[in-house]
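We have chain A already, so just place chain B on it with the hints.
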Amino acid sequence: MRPIEIHEFSTGIIPERTDDGGWISRGFTGQYMNVTCEIPPEVERSIANKEFAVAEGAFSDRPTLIGREISGHSGVWSVIAVVTRGKDEKGRSASLYRYFLTQAPKGLESILAWIKKEARSGRSTTFDPFAHKELHHPNRSIEEPQPISSMSPGSLFSSTPWITEPEQDYEPESINLFARSKARENQELTAWAFNVEALEKPRRFQVIHPASDLAIRRIKQALTSAPIAATTSLIDEQAIKSAIKSLINASQVKPDAVQVLESSLSSVETVFKENESETFWHEIFDGQGAINAQKQQIYSPQMIRLMTLRAVMLPATVSDYLKWLQPDSGKKANEPCETAVSFQSQIARSVRPNSRLEAELKHGINQTLESVFHKSVSVESATWLLDSSNGLWSTVMPQMVGALHQFLASVRSTPATEKSVYPFKGRTWQHIESRLRMPVPATSKGDPKFLAIAELFLNLKDPAIAACFYQAARGLVPPDVYAEARGTIAFKNGSVFGIPLRREKSAVDRFLDFIGHPLTIGMMFALCLVAIGAIAFRYFETSRNQAEEAQRTRRSQVQPSPDPPITGLLEDTSLPETSPTSEDFQETRRVLQSIVQEVSKDPKIVSVIKTSVSPDPVQVKETVIEALESSLLDRDISERERKALNYQGIIAKNPSPGFPEAESQRKRWIALIHSYQLRSPQLKPAGFIKEGRETSNKLKEDVRKRIMEMSPQNQTPAPESNLQSTPPAILDMPSQSNNKPN
Amino acid sequence: MFNQLRKQLIPNLVEPEATQSNAVIRVIGDRASGKTTYMASLARWPSANPTSPVQSVSAVNEESEELIRKAQNVLEQGLELEPSDLSANAEMVKDYSLTITLKSQFSIRNPRANLTGAPVKLNISCKDYAGEFFSDLVHQSGNTKLTSYLEDCQQATGILILVDGSTRKDAEYAIAIEKFLRALDKSGQTELQRIALVLTKCEQPDLWDKRHQPKRLANARYSQVCSKLQMWQSSNPVRVDFFTTSAFGMVGNPFPEANSKQLSRSRGGVTSVLKDPKHWRPFGLVAPIYWLCTGERHQQLDED
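In the order they appear, the protein sequences are chains A and B. Using this note's numbering, the first residue of the first sequence is number 1, and each one after it goes up by one. Using this note's numbering, the first residue of the second sequence is number 1001, and each one after it goes up by one.
Pulled out of the complex, with its shape left as it was, chain A reads as follows (with noise of 0.2 Å):
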């Protein structure tokens, strides 16, 4: 037979022998050690993606045996990885991995055979730093590899991974052999794992063989919460990650981390269903930490970095990255978004036409749309995604708005029957056409729902789509859009895109629809009579009161009177220069009450009243207030000048709150006060009364005077001065008809 080529390669350590003939670590190299092959690219990558990994903090004395056929450009690889425990000198232990690989034919059949054998020579296939392999040297077998039978142990078996139980004795070959059997059913490289405690990617293996009760629960633990890139070998997974790492963590994008990430969308979709392929990226992301940067708001430069590539790669989430990024916060300052968009920029220069990134960034656009066409993201929010000068997005922008464009103008020009080719995917779409068929009667009414896009696409400067939207969202365009929108080439006929278009009025065109409507011009008319009326009244009114007026100053000149005028209690009479208060006046009050009451006691004024004017008990006081008012008067007082004074109303209680004669009527009684005490030298002409003061004591002497004159002997002819002056009128009306003969 002819021998077999074995390579090897193993974990580089930098070791040194002890006094007891074993070795210790000093330290890791970061290169592998006794390597006689070039390590195939693709098995490094399949390492690098920990397929023979196995968990820190759990191990066996016995050595670990992970077996894997890897595929790649040269064809397909036979790997067995050979791990066990080392020591350093600080006493720490680690996992050593010792890989032997071949491309012969039954290649895991062939190394496990090559092994036994070496171990009955007494030779070790266990990590040995001292092992002294060299380039170019691999090991070489003769063995006859186990025939390759199918084998089904049990009724566990159909489960992948098949998780044998540990106290079964079974060696590696027999594990090998039912890791075919299921490969070649599940048409599958080959991958088992033998006597392991604990793995990384348990998912990646047919049949796994643990080294102890608790390796199982720690295996079964490990595959319920894998993820389900840990379900396939075929994605590279870990440069998936390195390319995210390397561009969330540096401040220069590097092209290259780009371009895996633009080729391993295609590569996702090939090995995944489309609902998978998402959950992969999300996955990947949330490793990452991007569920926990949404959820507790973190915003460090990685993670909003994080967040826009996940934006970019999965546009489903741009709805979420703008939410979480709140580009509408209006905060002057806003960091995040400054940082997002300054790696936005610098992805957009790896980003190549017609490329499949660009591609996503149309997706992301049309997600936006719908977003704020059903307004889980704000207008504001959007525009900053698809106006930012230097972002992302908004460098595909002007395609989709060609694109929106072409939709718009098919909406009418072809007829409902035929299948619209819309510029987006989503039913969203669907329903923007049709509400955009209806004619115009029908969308007068308007539908708020398309006000958002209206409003975007304002912002964004394309008043021909804002118009559409507008027309659909309002029935009704506003002037200053259906001005711009005019301008456009998609203008015509009072069209945009064909779609039919109503201008709002603006508020000129209302005032002059409204002056222009009849209703308006018979009310302005009627306004005119009215006006009219109003000034030919004011001009009758003006003209009587001016020939009183003029009756009066010759009255006044033919009869002097020796007191100030007081012709009408408001205009005429003198107010005292400084009002009384409204405490002083009520002092008054009390002061003319008690008058009253005082005097319409006195038995002598009684008798000359009931004697004189009517046996009328009643009488007495009324006419003792009439006195009063005549003695304030210093003349007789009319009943109309008694009415316009209100002695009960104002003098005997409190006029009411809000009495509209009240205030009047308190003048009329300070001006009547004031002319009193104007007429005596003797009082100070203040406009109100103090208790127990002179104008109080005088008018009470006055208005007894008044009643005694009244008695019948003092009934004297009147004295020819009075005859000969008028009394003053206390209302601007001829008063001579009532006036009494002294």
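No wet-lab data here; the hints were simulated from the structure. One thing to keep in mind: the hints can contain errors.
Claimed, not checked - If you want a taste of the chain A side facing chain B, the calculated C-beta under 10 Å gives, among others:
hint, residue
1, Phe28
2, Lys241
3, Ser246
4, Ile248
5, Asn249
6, Ala293
Ideal placement from N, C-alpha and C gives every residue a C-beta, glycine not left out.
Chain B alone, transformed into the frame defined by chain A:
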């Protein structure tokens, strides 16, 4: 107390948005200086002191979640963590993203707390380089691996140099640090603002007593390292400060002793494992992070 009073006085007070400070950190240090144990203890944040200003430490990415699992499955089992493998490329080094939230507190000793009482969030992304990187600085130069690591360091805003407080390698570390800083300077423009020299394993009795005088302790143990760092500070726009930490802390009251079981002790330092996981309370882990993020020392964190 102030918070309670504030809440009583203003019951409908809306909690203000947290102030966020970020740092991109690279942890460097000799092999077995306690770098991964420091990071794992920080991520795990066990038995937090109720009076501690730290409200929570949460893992942001899967690598930091894995770090927590390591703390649970290895450290809490009284085992040692495996030595971190030296990746051929710095991009492959695990990058731990953590968010540390500090309670909103009013205190004149807490410089960042403002009158609104907003909590402070420290977002860190921290790469824990294998110790071999540090030793390679002394013995090797110009290889591609080292170049890749130095390029990676240019992104860092803060460097956490961890040294085992019980080692006697002052001269060796001084050379390594000087080479590192020179190489970093040569490699191009860096974002570096602060370098924290952190003495680890301060649960050791001779270190514990002086834990509140980190600068004095560092000067006493690592005079050459300190002098190199201070010289660097004087000629570069980079600030340097000193800290003491213990990933395992102390246990017992009123006579506390190190919560660690010593496995070995040599010139190269002490190796130990956690003794009592139930009473695991690390000391001083957040203080250097706070300083690297904010540029200010938090007195309560120093006393933590």
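Results of checking the hints against the structure:
no.	hint	in the structure
1	Phe28	holds (4 Å)
2	Lys241	holds (9 Å)
3	Ser246	holds (5 Å)
4	Ile248	holds (9 Å)
5	Asn249	holds (6 Å)
6	Ala293	holds (7 Å)
Going through the hint list in order, the structure satisfies each hint without exception.
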